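In the order they appear, the protein sequences are chains B and G.
For the first sequence, our numbering begins at -6 and goes up steadily by one.
For the second sequence, our numbering begins at 15 and goes up steadily by one.
Read the hints as simulated data drawn from the structure, not as lab findings.
Being a predicted model, the structure only gives us computed values, none of them experimental.
Glycine is no exception: its CB is placed at the ideal position from the N, C-alpha and C atoms.
A few of these clues could be false.
Derived, one-sided and incomplete: chain B residues facing chain G with beta-carbon distance under 8 Å [said to hold, decoys possible]:
no.: 1; residue: Phe105
no.: 2; residue: Ser107
no.: 3; residue: Leu112
no.: 4; residue: Glu368
This is what each chain is made of:
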Amino acid sequence: MNAESPGPHSSSPSAASQALTDGNLAITRSFRFHRLRGPLCGRGYCYQCEMPTSRGRELACQAPSNTTRPSPRRDPLRPLGWIAERFPPWFYDSQALRPARLRDASLHALRFLSAAPPLSPAPLTEPIWKVAGRRALPFSETSADHVIVGSGDCPEPGYRVDLAEGSLAVGLYPDRVLGVLSVHGLTAVHFRRITISTGSYERLPPIIGNDLPGVLGIGALEVYGAAGGLRPGTRIAVWAPRHQRDRAEACARRHALTIVWMDEQAPEAILGRRRVRAIAAAGRIDCELFVTAVRQPAIELALQGGATAELSTHGLPILAITGIPDWMQVTGSAAADTSGVPDVPAQDRAFACLCEDVRVGDLQACIRQGFSHPELIKRRTGAMTGPCQGKLCSASVLAVLREMGCAPAPIRARPLARPVSLRELAADA
Amino acid sequence: MHSVIVGGGIAGLALAIELRRLGCQATVVEARYPGAGNTTRNVGRIRRMQLTQDLTEFSCRASDKWRTVAKLTGGHNPLVYRTRYVWVMYDQSELDTAAAMQPMWISCNARARPVGAAEVLNAVPVLRGGEPVAGGVIGDAAIVHHDAAFYAYLLRARELGVRFELGQRALAVQTTAGRATGVALADGRTLTGDVVVNAAGGMAGQFARDSGVSAPNQPVRREVLVTEPSKPFMTPAVTFYRPQEGWFNQTLRGELVAGVVDVGEPLGMNEASSFRFLGRTARVLLEKAPRLGELKVVRQWAGVYDTTPDKRPLIGEYPECPGFFALNGWSGRGMLLAPLSAELLARQLAGRGTDRMLEPFSPGRFTGRDVAVTAHGDYYSGYAH
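Take the sequences, apply the hints, and build the full model.
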């Protein structure tokens, strides 16, 4: 197991690994285009496998394996997704919303086209104002000389915040405050120094089919393999830089998977209708899973704390930390600076942002309209504003901006580092 | 006639468009990107009913102006949709306040009426099971998806030939013989114009004072959080003022956008989010609407309200500097009031006369009075006379 994996993980089977075992890769539908989506990261950061359950909303990769999974295959609203795809980006400027008298009605109707889950009919717990003696979680403040976030190796002593240990760094706030959520409630930790060792995320290839169920991160492959979710003999195609090949091969050996293709050059396309069936790389190569072992550093906490990040200039661009305040230290793969694979031109029909269904072509159209600043693109298309908060897409968006000849602009990350439910956050603050 | 407009927010862009329509030249100076620093992502609320007569009259007219914005922006869809506004009340004194205002609302055609608890719960079912509601006021309103409206203005401004100085900070107004003649930029250049308009949002008070005129406005931070999307569960925009001011509504994309104000929020420029805000907002929101508990917060941000001592905007010429005009001090109503205010000010700048409705908002109204913006405190007390 990768010691720096950002996220809680265990080898016990999850609903997502069960889905892999069953061969039903699709867990949910994307909220705008109603496209099938399946587990991707395996570690709770990508939010592509979030599903409504009896306990509220849970990630299939974190929920126990006996959790009832919704069946997303039958979706009567799917044709509406095709309509939505004709109104990029989102439904701004659409001619269909005329005449003006119809605009109100059509906007209200559009709200109901979403594939997002409904709110549960009743609160899952007693309203907190009714619970005698305890209105909410305690809110406390504490001080620490040195804070360490993440499970990377750090020999120095310090106040440790590690998702694997049950405490989440919600956000890094000005004046050196780290917001921490744990069983003890919300804690604002005032610190003097911070070490960020939050590891890395997978990078999606900017090619057609990159949103299909069956596209997995290398971390997810390891997690689901350890949980027994992968059938021996499963054929996998692996997109990996040279230094990750051993890791992929070891994982395949451990779980008796068949590597049918492995290259550092991304394939031309990922093929399949409801799930990955093959890749196009000098001909069709049949496979069941497409694994990306290309990594990008987890930089959101450092950015929140005032660090700067820039797009790398060698190979496939990723966002890497370039400037950090003197009270911050970034270590491990969170500080890595290259993806290690050759660049490929982004394809128009490829998805840049999975949470909000934004294609590379939508970004290009938006930039041509004059929205050529990351903050404007974000608001215009919704890219980087979904539940993954840009972890999957920021680098792709900035890469498209650079391809279109726009001046580099700073990228901003805002708290929260991970989505947290209102119920978990309610505190006497 | 050439106007230099400081600030590329909704007010600055709306004014630039109105001026171009009247045949005048306009240049917009924006220090960051257009729209930077605002608080209202996705939640511009167009509400007719206000707590005082002058504001209600102006807001009703401003709401009517919003109905023509799609036409004004030349077909770029501003995503304005009509809905209702629900002001939820939790104690008797609030109900009394609303009952006393009803005759004024009727005379202004504010289309708002006090209602009982049952009607509030019918309009906003997610309040069921929460803190007992005493009653409320339901009014006509619209929600504007702020970015869409803003970008409709931005695209239209470009089409109409408005000039932009993006990424340029305006330092101060330059004067000749006491009259404004241009703006000094941070890169050393001077933009000359016949008039200078201060539409700098949260920076407006500082810019006016840097330019040597007295201005009482102060920025005050407002924080916001947004959750992941859900299927529609509510349509109206909700506000409450007990135990402290808070609001929430669901956007077209299905996200819940919400905020609960810190009554002790200090004055001053502060665009940083706080950790405490998350706990406070989640707790107060769940006390009122426990069903919202399962929604996951994905992001928080903050912007500033440009606030004046009497919570009314500043629109018109600064008495101390002829040729220098204010279009700011929105005190939280920028999206609502800016399009109408811009139209009226543009007509004034183009020599088409001053609208009578702008009189209460003259920047000179504080001259000789010892006033200061105070911290938030109780919402209702800000409007007591």
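Status of the hints after comparison with the structure:
Of the supplied interface hints, the one on phenylalanine 105/B holds, with its beta-carbon coming within about 6 Å of a beta-carbon of chain G, less than 8 Å. Taken as an interface hint, serine 107/B checks out: its beta carbon lies about 5 Å from the nearest beta carbon of chain G, inside 8 Å. Hint on leucine 112/B holds. Least Cβ distance to chain G is approximately 5 Å, under the 8 Å limit. For glutamate 368/B, the shortest C-beta to C-beta distance to chain G is roughly 5 Å, which falls under 8 Å, so the interface hint holds.
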